[in-house]
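> Residue strings, one per chain:
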Amino acid sequence: MTDSAMSDRRTLARPGAGLRLGRFRDLTLVPVIVVLLIAGSFVDPVFLTPGNLTNVLQQQSALALVVLAEALILIAGKFDLSLESTVGMAPAVAVMFVIPVSAGGFGLEIPAALAIPLCLLIGAAIGAFNGFLILRFQLSAFVVTLAMLIVVHGLQLGLTGGKSLFALPESFTYLGGANWLGLPAAVWITGVLFAAGIAALGYFRAGRSLYAIGGNADAARAAGIRVERVLWVVFIVGGTLAALAGVLETGRLGGISANQGVGWIFMVFAAAVIGGVSMDGGKGTILGALTGVLVIGLVENILTLKGVPGEWKQLVYGAIILVALMISRLAGGRAQD
Amino acid sequence: MTSTELAVVEARNITKRFGPTVALDNAGITIGAGQTHALVGRNGAGKSTLVSILTGLQRPDQGEVLFAGEPAPALADRDAWRSRVACVYQRSTIIPALTVAENLFINRQTEGGRLINWRALRARAQNVLDQYGVAIDAGSQAGDLSIEQRQLVEIARALSFGARFIILDEPTAQLDGPAISRLFDRMRALREQGVTMMFISHHLEEVYEVCQTVTVFRDARHVITSPVPDLPHDALVAAMTGEAAVAYQARNRKVKAKAPIVLAVSGLGLAGRFQDVDLQVRGGEIVGLAGSGSSGKVGLAESLVGLRRPDTGTITVNGATPRLGDVPSALKAGLGFVPQDRHHQGFVPLLSIGENATMPIAHKLGRFGTISSARRRTRAEGMIEQLDIKTTGPDQPVGDLSGGNAQKVVLARALADDPSALVVINPTAGVDIKAKRALLGSVEDAAARGAGAVLVSDELDDLRICDRVLVMFHGRVTKELPRGWTDSELVAAMEGISS
Ligand SMILES: Nc1ncnc2c1ncn2[C@@H]1O[C@H](COP(=O)(O)OP(=O)(O)O)[C@@H](O)[C@H]1O
Ligand SMILES: [Mg+2]
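Order-wise, the sequence lines are chains A and B. Here our numbering is used: the first residue of the first sequence is 1436, the next is one more, and so on. Here our numbering is used: the first residue of the second sequence is 1130, the next is one more, and so on.
Excised from the complex, chain A in its bound form (with noise of 0.2 angstroms):
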């Protein structure tokens, strides 16, 4: 047998270096936002001081909860579309239990402070039910988070009557806009459950869990894992964050407006298929999907500074973004998936 230990020894590539490649592909994005990073404080001498860079970070910071959400879910496996849905109308029902009829509310005025509670409880109820249709009747997450994205958002714009809400308890509106030891409190509440995230995936054997069941179900089911739990967890969680991503939202705003939320699934699978996450699943880290955010939110940043106009925002953006997959792609070595 040490002879078939030989040949084995021979025939393998660089041992260990899949180990040292992977943990600098998490960083693959570092060197674009170095790059942002410079351009943009040519562009404008305000880009780089810390009030800038700070509003750059609280802007990004309910996008980065819903990144965070989309980034779980894909590495499981799996898919969400509705998660921008529940942005909007998680928080636009859970505030109309509070506020009295005529700011817009159902009437039952329950106390404020169970607003937040109803909201996050909103968000994992899609999350739940996303789950049990995907997982109990085997459909395709593709498929059905569509059809929920759209059930959800047509729920909050029949409820509301397609109105903003602009009367809100204090409470509900004071995370999004609070600031805690010179940060705003958003920005604290996203950093603190992207070191979670990355905690779990990184050092928790739930968290691994999502890899397996994500890079082959049929082994990770083999193993032990009870694959439908684990994802019936993830869809809620996924659903959870997008609700609170709607809460900081709410507050930095100062309202719900109907289409809360709208249009920025696209954002956020940008962020984390740039950051890394594949779409395929089993592949991907939350700090690769933070870099993305960042990507993005830098962007954006510039492009508000130089005073692109909005027609052209749109163009500039996307190509930004595929330059950003390509430097990574060149960077990180492998292929995209």
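Don't read these hints as lab results, they were simulated from the structure. Note that the structure is predicted; figures quoted are calculated from it, not measured. Even glycine gets a Cβ: it sits at the ideal position worked out from N, Cα and C. Certain hints may be false.
If the Cβ cut is set under 10 angstroms, some of the chain B residues that face chain A in the computed set are [claimed, not checked]:
hint, residue
1, Leu1186
2, Arg1188
3, Tyr1218
4, Pro1225
5, Asn1236
6, Leu1288
7, Leu1460
Given chain A's structure and the hints, the job is docking chain B with the ligands onto it.
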């Protein structure tokens, strides 16, 4: 084998249905301690289904499983199952994006604490690998391993649960000769340590090589269990097929000296794969390509059909020179091919047999980009008959067929346009004896119709239909053997031992 005291595992009167299909019909097996027990049967005989029942992945509709006389644990108790039985499944359960270490300890990465200590995990994994003599770095990415290495990781993982009974479902199907003999060395060593094994293979000579007992399943039923020495080859084949059968007899063909050259290659090279290959195939001739896994034979064949782009040299098909590395151009020049990996490159599983088999001739089945489904049906029915494809009809999706029949569809597609040159890569991998005969027969039929063929195979028996066999070693053609070679001659040449 009558005393149950000695049985490590016993499955009794197992019945398992999948919708209308009866996968196991009151079948059973008893495996004695320390035995290497072969389970053989044609594709679809129910072998893999028995494996999933014996490993607790599926519940039988009827019947029971006993381990050392005790009833099997509850289905949800995976750890209990894994301490009794380990398995290398037919479909790989290695997750390519994770490291070898994590693959070994999937879902048990932690030891005591809640946090995963990656350094300790890697050390534990390296220990397991060393213990079973698997020389692989635990930190490497599983996706970077060869098929053989992945399998070794699966075996090490299987044994690391402490089970003394291990099931190997078609472990040799994707390995080349030397890798198979290394696997067998390993299996013998395990047997000496008292490990009991159940071994599934389509290669009956392997059964004679490593097994002591053999069980035959046919059409979901148990047919016979016998000590291997008491069941000669022909009787074994007869038990599997239900009829007295002989191995495929190569026909007596003669290549006409004046037959045109249909496929010519000169100075072909692809960095790291093969160099300086010259090759000429005449109409009606079958040329074999043999060599070990790293010999470059598959790379060469894939270059011929445009799946890879060689760096140097030219390819001529029927006098035309298709663009290198361009499949459509090769097909247009009159080439047909059966790729190595039928699941990835061979067919679209959800499409019907008719659509799959007529894909290259779709333009001939209708005008202005339309496809006449009646004509497609007729063509497909002809192919089904010609290749004896077991199916409910041309509308059945190929994904529902068993391995051998799916491969026939792939070959039918290769032959659909009456190619003047045919390149066939490992056509009989994972295919049972009857399907093998039909497949090799069709290649010979094509040659009789005047096509030239290149046949790449890891199986010496397949190569017997060749008029001559080119042996590759480290990327070069090192030997040419005319018809009538002996096994030892060919193996020596493949191993690079020149005579
Ligand atoms: N999960 C499944 N769903 C439906 N049919 C199945 C499933 N697994 C196996 N079968 C069918 O059961 C029969 C036995 O299959 P299998 O046990 O894989 O055979 P073998 O391993 O002997 O080739 C085949 O007809 C196959 O199509
Ligand atoms: Mg099988």
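> All hints, please: hold or fail.
Hint-by-hint comparison with the structure:
1. Leu1186: At about 6 angstroms, which falls below the 10 angstroms cut-off, the nearest Cβ of chain A leaves the hint on leucine 1186 of chain B intact, so it holds.
2. Arg1188: violated (14 angstroms)
3. Tyr1218: At 7 angstroms from the nearest chain A Cβ, tyrosine 1218 of chain B passes the 10 angstroms test, so the hint holds.
4. Pro1225: holds (7 angstroms)
5. Asn1236: Status holds, d = 4 angstroms.
6. Leu1288: violated (14 angstroms)
7. Leu1460: Hint violated; leucine 1460 of chain B Cβ to chain A Cβ min 25 angstroms, cut 10 angstroms.
In the structure shown, a violation is registered for the earlier hints numbered 2, 6 and 7, in ascending order.
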